[in-house]
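Just need the whole structure built from these sequences, with the hints factored in.
Just so we're aligned: the sequence shown equals residues 1 to 256 in my numbering.
Simulated from the structure, these hints should not be mistaken for lab results. Please note that the accuracy of each hint is not assured.
Unchecked claim - Think about it this way: if two alpha-carbon atoms lie no more than 30 angstroms apart in a straight line, the pair counts; the simulated DSBU-like pairs of lysine-lysine are:
hint : residue 1 : residue 2
1    : Lys36     : Lys221
2    : Lys36     : Lys214
3    : Lys88     : Lys149
4    : Lys221    : Lys96
5    : Lys36     : Lys149
6    : Lys64     : Lys88
7    : Lys36     : Lys82
8    : Lys214    : Lys66
9    : Lys36     : Lys96
10   : Lys149    : Lys64
11   : Lys64     : Lys221
12   : Lys127    : Lys82
13   : Lys96     : Lys127
14   : Lys88     : Lys66
15   : Lys214    : Lys64
As the list claims (entries may be wrong) - Simulated restraints on C-beta separations:
hint : residue 1 : residue 2 : range
16   : Tyr226    : Ser128    : 20 to 30 angstroms
17   : Leu218    : Ala173    : 17 to 27 angstroms
18   : Phe211    : Pro102    : 54 to 64 angstroms
19   : Gly210    : Tyr136    : 43 to 53 angstroms
20   : Leu225    : Arg177    : 38 to 48 angstroms
21   : Arg163    : Ser62     : 29 to 39 angstroms
22   : Pro60     : Gly176    : 32 to 42 angstroms
23   : Asp228    : Ile113    : 10 to 20 angstroms
24   : Ser212    : Arg183    : 11 to 21 angstroms
25   : Gln137    : Thr256    : 23 to 33 angstroms
26   : Arg245    : Ile217    : 11 to 21 angstroms
27   : Arg186    : Glu164    : 36 to 46 angstroms
28   : Gly176    : Asp228    : 38 to 48 angstroms
Beta carbons are placed, not taken as given, at the ideal position from N, Cα and C, and that holds for glycine.
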Amino acid sequence: MQTCDFLVIGGGVIGLSIARELRRRRTDARVLLIEKEPSCGAHASGRNSGVLHAGFYYSPDSLKAKFTRLGNERLTAYCEEKRIPLNKCGKLVVAKDATDLPALDELLRRGQINGIELQTMTDIEAKSIEPRVKTYQRALFSPRTSTVKPLQVIEAMQQDAIREGVTIQCGTAYRGRQNSAVRTNRDTIEAGYVVNAAGLYADRIAMNFGFSEKYRILPFKGLYLYSDEPPGSIRTNIYPVPDLRNPFLGVHFTIT
1 MQTCDFLVIG GGVIGLSIAR ELRRRRTDAR VLLIEKEPSC GAHASGRNSG
51 VLHAGFYYSP DSLKAKFTRL GNERLTAYCE EKRIPLNKCG KLVVAKDATD
101 LPALDELLRR GQINGIELQT MTDIEAKSIE PRVKTYQRAL FSPRTSTVKP
151 LQVIEAMQQD AIREGVTIQC GTAYRGRQNS AVRTNRDTIE AGYVVNAAGL
201 YADRIAMNFG FSEKYRILPF KGLYLYSDEP PGSIRTNIYP VPDLRNPFLG
251 VHFTIT
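What follows is the structure, given as structure tokens:
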């Protein structure tokens, strides 16, 4: 049996960030992170478009709005500190017709309340950023949106965590709760605190500890269509005005 002060389940960007922060705050603590795959970031954290969103999509009173803005600022600073290539290409949000304009205005309102830098521009001004873009009357431009290669971020965070004293065990899958211990495919772990950062499986683990009885994670998978155009053909990320009733941002172009 292993013992630790903090056990973090999940080696994605959230799990690694939490493990590092715990180690910073409690320098004498034994922090153990377990990841079921052979390497960290093998699921959602490493398999996404790498867009650092600015935070104007979300309701102003939501934690998601707050955390997206702060996350953009801190991850941008982290990438610059670690010299991880960061494409500060921005994002255009375009309207297909007049029915999109109220939602476009709502995005601007949310962004202003959230303290996000946004620029309203005409269709001609939008074309000055990306000549091939089409929008109805006007568009929004987010200069703080950027893109990064997710696995480069994960690798840097993992190296920092190890250097700071976090123990990382890959190939170690959570199997269940065993009294006051956590059972894995390798052994059992006795921990003072358990941090659940297991991504799409977090609800199942939470239920083992008496939480999330009324909540379920509904997973969705996005599909990619790769362009055969050379890098730089599109100058910025291009997104449609989303249906704000749904948790999707629509079909979009990203510079990844």
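Taking each numbered hint in turn, which are not upheld by the structure, reported in ascending numerical order?
9, 12, 18, 23 and 27
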